[in-house]
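J.: Chains A and B, in that order, are what the protein sequence lines are. Position 252 of the first sequence, counting from 1, maps to 252 under the numbering used here, and the rest follow consecutively. Position 198 of the second sequence, counting from 1, maps to 198 under the numbering used here, and the rest follow consecutively.
Rather than coming from a laboratory, the hints here were simulated on the basis of the structure. A hint or two may mislead.
[To be verified] Listed below are several chain B residues computed to face chain A (Cβ distance under 7 Å; list not exhaustive):
#, residue
1, Leu265
2, Thr308
3, His309
4, Ala312
5, Gly313
6, Leu315
7, Trp316
8, Leu319
9, Ile329
10, Leu332
11, Glu333
12, Phe334
13, Val338
We put the beta carbon where it would ideally sit given N, CA and C, even for glycine.
Protein chains: 2
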Amino acid sequence: MATVIVAGGGVIGLGTAWRAAQRGFSVTVADPSPGQGASHAAAGMLTPVSEASYTEKELFALGAASLERYPGFVAELTAATGQPTGFRQTGTLQVGYDADDLAVIDDLHALHDSLGVPGRRLTTRECRRLEPMLDPSVRGGLLAETDGSIDPRLLTRALLAAAAQAGVRLIRQPVAQIIHDAERTPAGSGTGPGPGPDGGSAGEDPHGEGPHGGGRVRGVCLADGTTITADWTVLATGWNSAAINGLPADCVPPVRPVKGQVVRLRAPDGFLHRTVRGIVRGSSVYLVPRDDGELVVGATQEELGPDTHVTAGGLWELLRDARALVPGITELEFTEAVARLRPGTPDNAPILGPCAAAGLVLATGHFRNGVLLTPVTADVIADYLETGWLPDVAAHFTIGRFQQSRPGPGGRPDQGGRPG
Amino acid sequence: MATVIVAGGGVIGLGTAWRAAQRGFSVTVADPSPGQGASHAAAGMLTPVSEASYTEKELFALGAASLERYPGFVAELTAATGQPTGFRQTGTLQVGYDADDLAVIDDLHALHDSLGVPGRRLTTRECRRLEPMLDPSVRGGLLAETDGSIDPRLLTRALLAAAAQAGVRLIRQPVAQIIHDAERTPAGSGTGPGPGPDGGSAGEDPHGEGPHGGGRVRGVCLADGTTITADWTVLATGWNSAAINGLPADCVPPVRPVKGQVVRLRAPDGFLHRTVRGIVRGSSVYLVPRDDGELVVGATQEELGPDTHVTAGGLWELLRDARALVPGITELEFTEAVARLRPGTPDNAPILGPCAAAGLVLATGHFRNGVLLTPVTADVIADYLETGWLPDVAAHFTIGRFQQSRPGPGGRPDQGGRPG
Numbered sequence: 001m002a003t004v005i006v007a008g009g010g011v012i013g014l015g016t017a018w019r020a021a022q023r024g025f026s027v028t029v030a031d032p033s034p035g036q037g038a039s040h041a042a043a044g045m046l047t048p049v050s051e052a053s054y055t056e057k058e059l060f061a062l063g064a065a066s067l068e069r070y071p072g073f074v075a076e077l078t079a080a081t082g083q084p085t086g087f088r089q090t091g092t093l094q095v096g097y098d099a100d101d102l103a104v105i106d107d108l109h110a111l112h113d114s115l116g117v118p119g120r121r122l123t124t125r126e127c128r129r130l131e132p133m134l135d136p137s138v139r140g141g142l143l144a145e146t147d148g149s150i151d152p153r154l155l156t157r158a159l160l161a162a163a164a165q166a167g168v169r170l171i172r173q174p175v176a177q178i179i180h181d182a183e184r185t186p187a188g189s190g191t192g193p194g195p196g197p198d199g200g201s202a203g204e205d206p207h208g209e210g211p212h213g214g215g216r217v218r219g220v221c222l223a224d225g226t227t228i229t230a231d232w233t234v235l236a237t238g239w240n241s242a243a244i245n246g247l248p249a250d251c252v253p254p255v256r257p258v259k260g261q262v263v264r265l266r267a268p269d270g271f272l273h274r275t276v277r278g279i280v281r282g283s284s285v286y287l288v289p290r291d292d293g294e295l296v297v298g299a300t301q302e303e304l305g306p307d308t309h310v311t312a313g314g315l316w317e318l319l320r321d322a323r324a325l326v327p328g329i330t331e332l333e334f335t336e337a338v339a340r341l342r343p344g345t346p347d348n349a350p351i352l353g354p355c356a357a358a359g360l361v362l363a364t365g366h367f368r369n370g371v372l373l374t375p376v377t378a379d380v381i382a383d384y385l386e387t388g389w390l391p392d393v394a395a396h397f398t399i400g401r402f403q404q405s406r407p408g409p410g411g412r413p414d415q416g417g418r419p420g
Numbered sequence: 001m002a003t004v005i006v007a008g009g010g011v012i013g014l015g016t017a018w019r020a021a022q023r024g025f026s027v028t029v030a031d032p033s034p035g036q037g038a039s040h041a042a043a044g045m046l047t048p049v050s051e052a053s054y055t056e057k058e059l060f061a062l063g064a065a066s067l068e069r070y071p072g073f074v075a076e077l078t079a080a081t082g083q084p085t086g087f088r089q090t091g092t093l094q095v096g097y098d099a100d101d102l103a104v105i106d107d108l109h110a111l112h113d114s115l116g117v118p119g120r121r122l123t124t125r126e127c128r129r130l131e132p133m134l135d136p137s138v139r140g141g142l143l144a145e146t147d148g149s150i151d152p153r154l155l156t157r158a159l160l161a162a163a164a165q166a167g168v169r170l171i172r173q174p175v176a177q178i179i180h181d182a183e184r185t186p187a188g189s190g191t192g193p194g195p196g197p198d199g200g201s202a203g204e205d206p207h208g209e210g211p212h213g214g215g216r217v218r219g220v221c222l223a224d225g226t227t228i229t230a231d232w233t234v235l236a237t238g239w240n241s242a243a244i245n246g247l248p249a250d251c252v253p254p255v256r257p258v259k260g261q262v263v264r265l266r267a268p269d270g271f272l273h274r275t276v277r278g279i280v281r282g283s284s285v286y287l288v289p290r291d292d293g294e295l296v297v298g299a300t301q302e303e304l305g306p307d308t309h310v311t312a313g314g315l316w317e318l319l320r321d322a323r324a325l326v327p328g329i330t331e332l333e334f335t336e337a338v339a340r341l342r343p344g345t346p347d348n349a350p351i352l353g354p355c356a357a358a359g360l361v362l363a364t365g366h367f368r369n370g371v372l373l374t375p376v377t378a379d380v381i382a383d384y385l386e387t388g389w390l391p392d393v394a395a396h397f398t399i400g401r402f403q404q405s406r407p408g409p410g411g412r413p414d415q416g417g418r419p420g
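Start from the sequences and build out the full structure, keeping to the hints where you can.
T.: Quick look at the structure:
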């Protein structure tokens with residue numbers, strides 16, 4: 001049985017481990033505290049439409065593909081484990097607070113049209129008919145009826161249970177190092193470490209080594225020195241993915257920590273009926289209601305390095321903007337403020353699939369979309385492990401797109417080697 | 001050895017228990033979670049001057065007397081236990097944000113003069129020289145140099161240790177009921193339950209029963225049904241003091257829950273040097289720095305019954321006002337938001353000393369001043385238990401002042417009976 005070690009037990013790592021185990025791989029996940037990274041703070045919006053921007057059409061397509069898989073994904077999870085996930089598909093209402101904010105909503109509406117996505121432009125009155133708690137000064141909105149949401153903490157719990165049932169082994173330790181075979185110069189490249197000017201493709205020999213100058217990746221070394229050998233190593237450690245020792249230079253994912261602060265409140269039944277996103281004097285805020293009464297308000301975005309402190313200013317901004325849209329939140333119980341680090345990338349899109357080092361597969365850089373992209377990521381990585389080919393929906397998202405010598409986005413991605 | 005049961009293990013109950021044990025009483029404190037009520041949220045300002053208002057001169061005198069005792073009180077506590085209390089006597093700077101707010105500061109300054117209290121009126125520039133983090137738009141301030149502060153959580157811990165050392169027994173259970181001797185009609189009253197029209201004084205017979213129609217209070221019954229008999233029962237259960245069963249009608253302290261919400265931040269060394277209180281567009285806020293970097297921001301005041309939820313609105317108001325005075329707080333780490341209930345009284349002053357029921361002593365209703373008034377309360381209640389007389393400094397504060405048939409504030413309070 002081929003073996004897989006997944007570094008990182010957030011929703012991406014756990015989802016991938018579960019799917020790989022279902023395909024017959026022997027899978028181990030290493031994470032000192034599964035689900036306690038970005039997954040722990042995530043609000044769980046499933047809104048490919050609202051998140052899309054003009055420069056991110058491929059990302060929209062990936063998100064839409066993942067949202068399409070969600071109902072089946074969570075049904076399967078719950079059937080396997082008996083555990084709920086909080087999945088709802090009640091839509092997103094995106095609103096503008098002042099005239100400038102409304103102009104952004106109109107741009108978004110035009111984008112929806114260009115993507116062929118149904119989005120309904122609403123007046124203030126129509127918005128308030130849907131969500132009576134909205135402030136009357138809201139200028140108008142846009143309804144995306146197929147958007148959904150999920151409770152990422154429930155999702156993590158269900159994934160942990162499903163993975164365990166499928167035979168996945170969990171080791172509560174961080175991965176310290178990638179290990180590989182003794183270094184040797186690969187045939188046809190000869191440039192040593194770093195990408196060669198020819199952008200040498202590892203896919204040419206599915207059983208060979210990558211062009212990075214190291215041997216095939218053979219697993220990981222944990223923080224306590226234990227070595228876990230595996231045919232495949234999946235890197236799913238989020239913002240920290242670049243910091244693991246032993247990554248060949250051309251396999252280091254260009255991720256950076258982007259801090260997000262999130263507040264949790266408790267709301268009475270029917271306080272909000274769907275996700276409300278708003279632009280308030282140029283500043284973005286969202287409110288995600290759950291069936292159990294939790295109302296998640298997020299999220300700030302700060303790039304200050306790997307700091308997970310909740311700040312007085314972050315908290316104040318979230319409450320200020322949420323209060324402007326929905327004044328009734330002032331009466332709600334405050335239950336938690338939490339900050340975590342999302343793995344930002346240069347183009348806000350994830351990094352998926354093989355890289356120059358044979359045996360190493362990337363599943364990281366999901367930025368604000370990790371929860372949304374969990375089903376599609378799990379599927380495409382499991383597909384790749386099984387077949388050696390990355391499905392088309394993910395083809396745009398290999399690390400190759402960041403390497404100067406490669407063709408731009410849209411080109412056929414490199415395909416990494418299969419285990420020997 | 002005469003016995004005392006203290007109902008309530010906040011700073012007032014623990015301080016009183018400690019002092020009573022030092023005088024030779026055998027003392028028991030009953031509280032399901034000592035120090036977890038109002039003491040847990042308290043910022044620990046020791047500011048009799050800043051708190052004073054024109055209608056509360058006796059309260060100011062009581063607060064000033066307590067502040068005077070504080071250095072000795074905490075020195076004795078720390079000497080006995082080796083534990084710190086966070087006591088500092090670095091003053092309070094009270095500032096006004098706009099012209100109307102500054103007018104309030106000027107009124108306060110005039111009050112200081114009338115009380116003979118040194119308070120120095122400062123310009124914006126002088127305020128910012130003392131506290132460079134203050135916003136330049138602050139209009140001016142008033143410095144009370146002798147004010148102090150303490151960490152109420154450290155104080156609670158030290159009091160628990162000191163009380164235990166002095167032989168106080170702690171029972172982690174709530175008091176459910178006051179118990180007394182079989183009811184009998186007291187001589188000279190004959191009016192049955194409730195205060196007689198003559199306002200019958202229990203002090204006339206130090207060994208007799210009170211005029212309330214019940215027998216002498218003989219201790220308490222705990223939630224699990226255990227009875228603790230005692231010569232003296234001290235009621236120190238804060239906002240909940242009126243809810244204990246078995247209190248004679250004329251001994252029920254007129255306390256009500258007043259919710260206070262408080263935020264804790266972490267500040268770098270030297271962020272603020274002293275307590276800063278401000279009036280920001282009519283709304284009060286304070287920031288209390290501690291040597292260990294904690295910065296406490298408080299406090300809201302809401303009267304919505306016994307609810308201890310932190311609300312989004314409370315949090316937002318505190319951060320809004322604190323940010324207006326000290327914009328630099330936005331960068332500070334948020335560590336905690338907590339709400340607790342203070343025991344409000346009709347005149348904002350505590351209820352101290354004997355009542356109509358012999359054997360029952362009140363030490364409650366401290367509202368916003370519980371921490372400040374801990375040393376003087378502990379001393380005067382211990383004095384009363386030992387001598388049967390309430391010291392003059394507390395004479396104004398018996399429950400008698402709320403009873404219509406009694407002389408108004410300033411009259412000699414009733415003195416309860418001593419144990420037989």
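J.: Evaluate each hint against the coordinates.
T.: Against the structure, the hints:
{"no.": "1", "hint": "Leu265", "verdict": "5 Å, holds"}
{"no.": "2", "hint": "Thr308", "verdict": "10 Å, violated"}
{"no.": "3", "hint": "His309", "verdict": "4 Å, holds"}
{"no.": "4", "hint": "Ala312", "verdict": "5 Å, holds"}
{"no.": "5", "hint": "Gly313", "verdict": "3 Å, holds"}
{"no.": "6", "hint": "Leu315", "verdict": "5 Å, holds"}
{"no.": "7", "hint": "Trp316", "verdict": "4 Å, holds"}
{"no.": "8", "hint": "Leu319", "verdict": "4 Å, holds"}
{"no.": "9", "hint": "Ile329", "verdict": "5 Å, holds"}
{"no.": "10", "hint": "Leu332", "verdict": "5 Å, holds"}
{"no.": "11", "hint": "Glu333", "verdict": "4 Å, holds"}
{"no.": "12", "hint": "Phe334", "verdict": "4 Å, holds"}
{"no.": "13", "hint": "Val338", "verdict": "10 Å, violated"}
When each numbered hint is compared with the structure, violations occur for hints 2 and 13.
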